[in-house]
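K.L.:
Using the sequences provided together with the hints, build the complete structure.
Protein chains: 2
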Amino acid sequence: MVGIFYLHKSQDICNMNIGIDMMGGDFAPLEAVKGIQLYREMGQNAMLTLFGDAELLNQLLEQHGMLQSNTTIVPTTQVIDMHEHPTKAMREKPDSSILVGFQQLATGKIDAFISAGNTGAMMVGSLFSIKAIEGVQRPTIGAYMPRENGKLGWLLDAGINSDCKPENIAQFAILGSLFAEQVLNIPNPRVGLINIGEEEGKGNILAQAAYPLLKEEPSINFIGNIEGRDIFLDKADVMVCEGFTGNVVLKLAESIHGLVQNRGIKDEFFDRFEFEQYGGVPVLGVNKPVIIGHGISHAKAFLNMVKLAQTMIEKDLLGKIKEKFKA
Amino acid sequence: MVGIFYLHKSQDICNMNIGIDMMGGDFAPLEAVKGIQLYREMGQNAMLTLFGDAELLNQLLEQHGMLQSNTTIVPTTQVIDMHEHPTKAMREKPDSSILVGFQQLATGKIDAFISAGNTGAMMVGSLFSIKAIEGVQRPTIGAYMPRENGKLGWLLDAGINSDCKPENIAQFAILGSLFAEQVLNIPNPRVGLINIGEEEGKGNILAQAAYPLLKEEPSINFIGNIEGRDIFLDKADVMVCEGFTGNVVLKLAESIHGLVQNRGIKDEFFDRFEFEQYGGVPVLGVNKPVIIGHGISHAKAFLNMVKLAQTMIEKDLLGKIKEKFKA
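For the protein sequence lines, the chains are A and B, in the order given.
Mapped onto the numbering used here, the consecutive letters of the first sequence carry residue numbers 1 to 327.
Mapped onto the numbering used here, the consecutive letters of the second sequence carry residue numbers 1 to 327.
It is possible that part of the hints are untrue.
One copy or two, either will do: identical chains are not told apart, so a pair holds if it fits within one copy or between any two.
What the hints assert, rightly or not - Computed list of lysine-lysine pairs in DSSO-like fashion (alpha-carbon distance at most 27 Å, straight line):
#: 1; residue 1: K251; residue 2: K165
#: 2; residue 1: K131; residue 2: K320
#: 3; residue 1: K266; residue 2: K251
#: 4; residue 1: K251; residue 2: K235
#: 5; residue 1: K322; residue 2: K215
#: 6; residue 1: K266; residue 2: K235
#: 7; residue 1: K202; residue 2: K109
#: 8; residue 1: K315; residue 2: K235
#: 9; residue 1: K202; residue 2: K251
#: 10; residue 1: K266; residue 2: K151
No lab work stands behind these hints, which were simulated from the structure alone.
Quick caveat: nothing in here was measured; it's all calculated off a predicted structure.
P.N.:
Quick look at the structure:
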């Protein structure tokens, strides 16, 4: 997994400032600190801005020998819990690590914002503080789908948009293709429409209507319908559907690792169904890089989120998305 | 698997006449004949009516020592192929084993009809020749979902109704509950709504609207929402959703066995993801027992389909469904 985001040791990296919510996730802030340690051990030196309990963070950073330059703590006094109502919490906790993080992202003090905390609050922050890119109807979140050949597929929407119009699905395909190309390093990524039959014309009303839009979209490499059986095969690099089916598929896929472990099976491929390792997924279609991590994120997950943020900035993914939707 | 349908050696069994399309499926008619042989070897003696090429069937039955009483061949000269357009084929092949089978089912010459052939033609035959039970808006097809504790869950709709109204989903729950109770021997089966969140109010518009209907339906044991991660766990016995999500889940589940085999893993639980063994699924909500098998059905699958038909007749599942929808 450590290899999925290819980092460039560019000279510009020191100008990059990645914000991290240190209080988000079940194992915060310790695992977040360990993640930063792993990142520094890779020789990466982007500026990191850490949001959270300053005293606690200073103490942990010192313990891990991380009290160095290129790391700034922004003290915050509140934490939005995993199960709080997002909009209510955002209103009632103005000094929470998530809210302050979004303020700094909106004002350009940081270039990307990462959290393994409350997903709903991260979405609310993305949509109301950073806002959707002009032309993008519905920002989306994707999910990695492991394949036996070692590759990763990218499924979207993974649950943010449970009711969709055909146009939304076509936009997911464009956003997903840019992400796959720029971040997953897949040239000309194949886009498949998740459906219940192979031929054009199959499916529910939504899939039937989305098909021609995908077929006619010049900026993607649409290969047609794919079925449930193709999701773990290397058939399409980008797989699009509405967020209801996508979320059911994601949670089913996530459950496979536990089943395999319960059976005492140790297998390299099925190990890749441990989704926590992927670190987090970007909110695609908003104006700045925002990455949402799994609640159970450990050090490696935080490392991968920082690497993902760095890659998104280095590749100017946001610039490329904005360019595409300008037309 | 042989144990999932509990057969009663009732004295009435000889009055039961189960029709089998001997020409349907990739390995027909040989595997169908072998399936009948397995059935007879279990000491079961329901009347069997076999539709297909008489000469070929006589020859195979003789080879397998099955030319006995209680088995009648109804000669047919045409076969609907797996990939033919259902309605077109039904019109153009009046002497096909599927069409003749449905005629005999409609006129009461046989009490149930089984085929591993063209699924679309079986659905067309069910809907136009046997017809939906009065009060049932949309007949449905389910799918078995294996659980680690050896039980089976029952998911419906598995792909026949890709666009649904909330009322359809509530009816799937009633049909599925009766099937689970009568055929899978699960008393008071727990019904879960497949959704993308646990709490009431979560989900897409359809799931949000289906929830209160399920909650208020007195004849089912509704336990609330279940998520993708719960499908292979023993959380709900009957799992309902529209047929788009259901079909994606089914085909994804079917693909797991191949993945496990590719990895050289031999495991009792994952062996139960070989869906062919389950034999076939009933079309629930039509007036007579109709069972549709997998195209790749082997002898054991045919055996299980005959046993399923027998159980449905013995338990008078159709009578119970009709009673429920009479109100």
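K.L.:
If a hint holds in the structure, say so; if it does not, say that too.
P.N.:
Outcome of the hint check:
no.	hint	verdict
1	K251 with K165	both (23 Å within a copy, 24 Å between copies)
2	K131 with K320	within (17 Å within a copy, 55 Å between copies)
3	K266 with K251	both (21 Å within a copy, 24 Å between copies)
4	K251 with K235	both (21 Å within a copy, 15 Å between copies)
5	K322 with K215	within (22 Å within a copy, 45 Å between copies)
6	K266 with K235	both (25 Å within a copy, 25 Å between copies)
7	K202 with K109	neither (48 Å within a copy, 36 Å between copies)
8	K315 with K235	within (26 Å within a copy, 44 Å between copies)
9	K202 with K251	both (25 Å within a copy, 15 Å between copies)
10	K266 with K151	both (19 Å within a copy, 24 Å between copies)
The structure is inconsistent with hint 7 alone, although it conforms to all the rest.
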